Each structure stands twice: as C-alpha cells, then as structure tokens.
Amino acid sequence: MANSVIDQSTLISLEKVERWYGAFHALKAIDLSVRKGEKIVLCGPSGSGKSTLIRCINALETIQDGSITVEGQLLDGSSKAVDAIRREVGMVFQSFNLFPHMTVLQNCALAPMRVRGTSRADAEKLARKYLERVRILDQAEKYPAQLSGGQQQRVAIARALCMEPKVMLFDEPTSALDPEMVKEVLDTMISLARDGMTMICVTHEMGFARQVADRVIFMASGEIIEEAEPEIFFKSPKHERTKTFLGEILAHH
Amino acid sequence: MNYKFDFGAVFERAPELLWATLGTFGLAFAGMALALLIGILGVIARTSHNKIARAPVIAFVEIVRNTPFLVQIFYIYFALPLMGIRLNPTATAIIALGINGGAYAIEIIRGGVESISKGQVEAGYALGLHKADVFRLIVLKPALRAIYPSLTSQFIMLTLTTSVCTSIAAYELTSAAQRIESDTFRSFEVYFSVTGIYLVISSVMMGIFALISRRYFSYPAR
Numbered sequence: 001m002a003n004s005v006i007d008q009s010t011l012i013s014l015e016k017v018e019r020w021y022g023a024f025h026a027l028k029a030i031d032l033s034v035r036k037g038e039k040i041v042l043c044g045p046s047g048s049g050k051s052t053l054i055r056c057i058n059a060l061e062t063i064q065d066g067s068i069t070v071e072g073q074l075l076d077g078s079s080k081a082v083d084a085i086r087r088e089v090g091m092v093f094q095s096f097n098l099f100p101h102m103t104v105l106q107n108c109a110l111a112p113m114r115v116r117g118t119s120r121a122d123a124e125k126l127a128r129k130y131l132e133r134v135r136i137l138d139q140a141e142k143y144p145a146q147l148s149g150g151q152q153q154r155v156a157i158a159r160a161l162c163m164e165p166k167v168m169l170f171d172e173p174t175s176a177l178d179p180e181m182v183k184e185v186l187d188t189m190i191s192l193a194r195d196g197m198t199m200i201c202v203t204h205e206m207g208f209a210r211q212v213a214d215r216v217i218f219m220a221s222g223e224i225i226e227e228a229e230p231e232i233f234f235k236s237p238k239h240e241r242t243k244t245f246l247g248e249i250l251a252h253h
Numbered sequence: 001m002n003y004k005f006d007f008g009a010v011f012e013r014a015p016e017l018l019w020a021t022l023g024t025f026g027l028a029f030a031g032m033a034l035a036l037l038i039g040i041l042g043v044i045a046r047t048s049h050n051k052i053a054r055a056p057v058i059a060f061v062e063i064v065r066n067t068p069f070l071v072q073i074f075y076i077y078f079a080l081p082l083m084g085i086r087l088n089p090t091a092t093a094i095i096a097l098g099i100n101g102g103a104y105a106i107e108i109i110r111g112g113v114e115s116i117s118k119g120q121v122e123a124g125y126a127l128g129l130h131k132a133d134v135f136r137l138i139v140l141k142p143a144l145r146a147i148y149p150s151l152t153s154q155f156i157m158l159t160l161t162t163s164v165c166t167s168i169a170a171y172e173l174t175s176a177a178q179r180i181e182s183d184t185f186r187s188f189e190v191y192f193s194v195t196g197i198y199l200v201i202s203s204v205m206m207g208i209f210a211l212i213s214r215r216y217f218s219y220p221a222r
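From first to last, the protein sequence lines are chains A and B.
Numbering of the first sequence is given in the working numbering, commencing with residue 1 and proceeding in unit increments.
Numbering of the second sequence is given in the working numbering, commencing with residue 1 and proceeding in unit increments.
Chain A on its own, in the form it takes in the complex (with noise of 0.2 angstroms):
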C-alpha cells in the first residue's frame, strides 16, 4: 500500500501507522484510505485499537511512525497542521463532553467564535441552524445537565457540526446511552450520513453498520483484520476471529 496512489476525492489517509503505549503495540502499520462522501464502520473487541485509530486522524494521540493525510494536509506534528486538520476533523465522544457550565447555545457557539473567529451574533445564527438539524432547538437555553443522554449526545453532534467540518469521527457514541436513547442518536446519525456527510464511526451498532455503512472495518490486536461491503462482511466473513466476534456480537444483540 506504500505506493497507493491518491485519486482525487481521497478525503483522509493513513500510511504505515505506528502506535505503541510503552511496550503495547496499540497500531500495527495501519493503512487506510477513506473517500469523500464515504461512510465507514469501525468494529472489534475492546483494546483492538479502533478508537485510538480515529483519535489519531485529528491528533489527540501522536503516531511513531508512519503518515496522516486529511484533505491534502499532513499531519507532521506542527501545530499548524494539528490546527488545519482539526478545523475540518469533528468528533462526538462516548460520554457526550459536553461543557457543563455552558448552555446548549454557548456549548455550540464556542469554537465558531474562538477557532474560526465568526461574530456572536453569526455564531449562535450557526448553532441554532444545527441544533434544528439534530432536532433539539427548544433546548438550546438548558444546560447540559439538564438533559437526557441522548439529547446530550445530539447536542454534541450540533456542536461538532457547527464548525462545518468535512469528516465526523464518531468515538463509541451510543455504548454510555440507556437502550431508550440509542435509536435518537443513531437517527441522527443516519440522517447525516444520507446528507453525505463523510464518516467514520466506532461503534458495535451493526444495525447501523448495515443500514450507512460503504465499508464496514474489522479491528484486532491493533491491526485491521477485514474489510468489506457490510452485505459481504456479515453474510461471509474471511476471518475466523471476525466469524467469532460476529458470533458474540449479534448474540447479544
């Protein structure tokens, strides 16, 4: 994959990633090359590095070795380039983050207003805008606390999207929701996707995994085991440690 060549609507590409936490090997000469517009499904067991994979793409974890792309900016450790990218990177975390001591408007008027320096007056224009796109305008003077986990999480999403960023990596996004609260946020989700937004999200949904999903990605022991169309990947899996993870998976599901 050294020589992949980069067509024009690569979005985001990684080369030979490299990852270690001392001794633990967490990426192993990871590669992967996700198109605009392409929604993508991260899936494997706990510590399979799948989350450490997409915490690397906007820089809150550094690489050893090996080489990030986002939309033509390489990640070279300047924090220009860490600037650059996570200006077009979002995220939306496990357990939501959002700022307590803010209300749902400031929460997403924050980074328009100190990253991108738009006016208050543009920024809450903007929060409003995506906040009416996760369908939760009407709380947008509460605090987070005030609210359900899963309108928690729609918040963060409102509040990722407010930077009108070119991909959106998704940590986990249901695995800290009551099972009441996970259909809202993956609703959300699928909208975005039909939007054409470009995606990349960890999760154990498969569900979800099926229904947006362009290629669904098989992690393990920090190294990428399969990969496939999610009509292939659940019907023949290759693998035999992907055929056992799908067992214990929709086992549970």
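Worth flagging that the hints you see were computed from the coordinates, not collected in a lab.
A hint or two may mislead.
Pairs of lysine to aspartate or glutamate, EDC-like flavour, derived with a Cα cap of 16 angstroms [said to hold, decoys possible]:
1) K243/A x E231/A
2) K131/B x D83/A
3) K118/B x E61/A
Since the model is a prediction, treat every value here as computed from it, not as a measurement.
Got chain A; can you put chain B on it based on the hints?
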C-alpha cells in the same frame, strides 16, 4: 453566683472593638488574596512536568501544613529582620496568613483541576481550541466550582486564625479584647462579646461567599 455582670465597660469601648473588627476583616481579606495567589501559582508549579518546579512546592506545602501557625508567625516576625526586611506587625501578619493559607489552597486547588474530566479538555482540543483557551474557557470555572466549598471553609479558618496574630500585636479584634480586658478586668464580658463578634464575622464571610457562588456558579450540576 455572686458575680455581677457589667457590660458597661465593653459598651464604653465599643468604637475600639468596631475598628478592631474592621482590622480583622482587613487581615482576613488581604491574607485570602495572598493565599489565593500563592495557591494558583503553586498549583501551576506543582502540576508541571518539571521536577525542579514541583519539588520546592511539595516541600513548602509539607512544612507549612505540619507546623503550628503560631510558630510560623513568630518565625516570620523574627526571621525577616535578620534578612534586613523590617515590616510592621500587620504586614507581617498578612504575609504569615497568606503563606499558611496558600499551602492549604495549593492542595485544594490541585484537587479541583484534577477533577475536571479529561474528556471536556479533549472536546475543546478536538474543536480546534488552543491550550490557553481550553484552560480559561473550559477548565477554570468548573474547577473553581468543584473546590469552592473546601476553599471557602479554608478561608473561614484563615479568618479565625487572624486572632493568633495578636501574638505579634497586629491590629485586630483579639488584641483589642486583651487590651480592654487588662484595662477593665471584665474578662467574661469582653470575651463573651468578642465571641459574638467572631460569629458575626464568620456569618458575613459565609454570606459573601454564598453571593459569589450564586452569581458565578449557578449552572445546574449533573
């Protein structure tokens, strides 16, 4: 009981007690301001990755928290002139209160900063915010709110500790009480009144802290 209560002597000296009360408030607020400054700077050094910055702070906190305040204030009172620094008792008292309160503040504030979830900091970075903005806009307020009860009760302690400053004849309530007592021999009446005044001082402090809290930390907790 044959003792006849006579508060007349205390009422006669009421203006003196009032001024001394203001002296106590002055020592307390100046001491708090210095303690807060030492606390914040100490935490920055204490949480740095540089061992040379951390070590003296750890030593400072341990020494101050494991020795009596009375000894500390004498130490400062007699050590400073040896270094050629001559300060009046009130300035010395403020420094001693600030150093003592600062050592406790360092430990309290450190706990607050560490209580802020790493996730909120990461969310800030992921949105493209820089380190200074993340600290100022995302970490600071929730951290202060988290430590506010312990920090303010420490500050009430500091306020009451001002009475020890009578030992170097700083201008405050307890030294005024001692003066009035030795003039009038009305020990019970004087200390009964002063006890009441200290209760009022503490209540006023708690009232001020509650107002600040209601103004700045009113957002709902989870």
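Okay, the hints, checked on the actual structure:
With a C-alpha separation of about 14 angstroms, the suggested pair K243/A and E231/A falls inside the 16 angstroms cut-off, and the hint holds. Distance hint between K131/B and D83/A is fulfilled; the C-alpha atoms sit about 12 angstroms from each other, no more than 16 angstroms. With a CA separation close to 13 angstroms, the supplied pair K118/B and E61/A stays within the 16 angstroms bound.
Hint compliance for this structure: no hint is broken.
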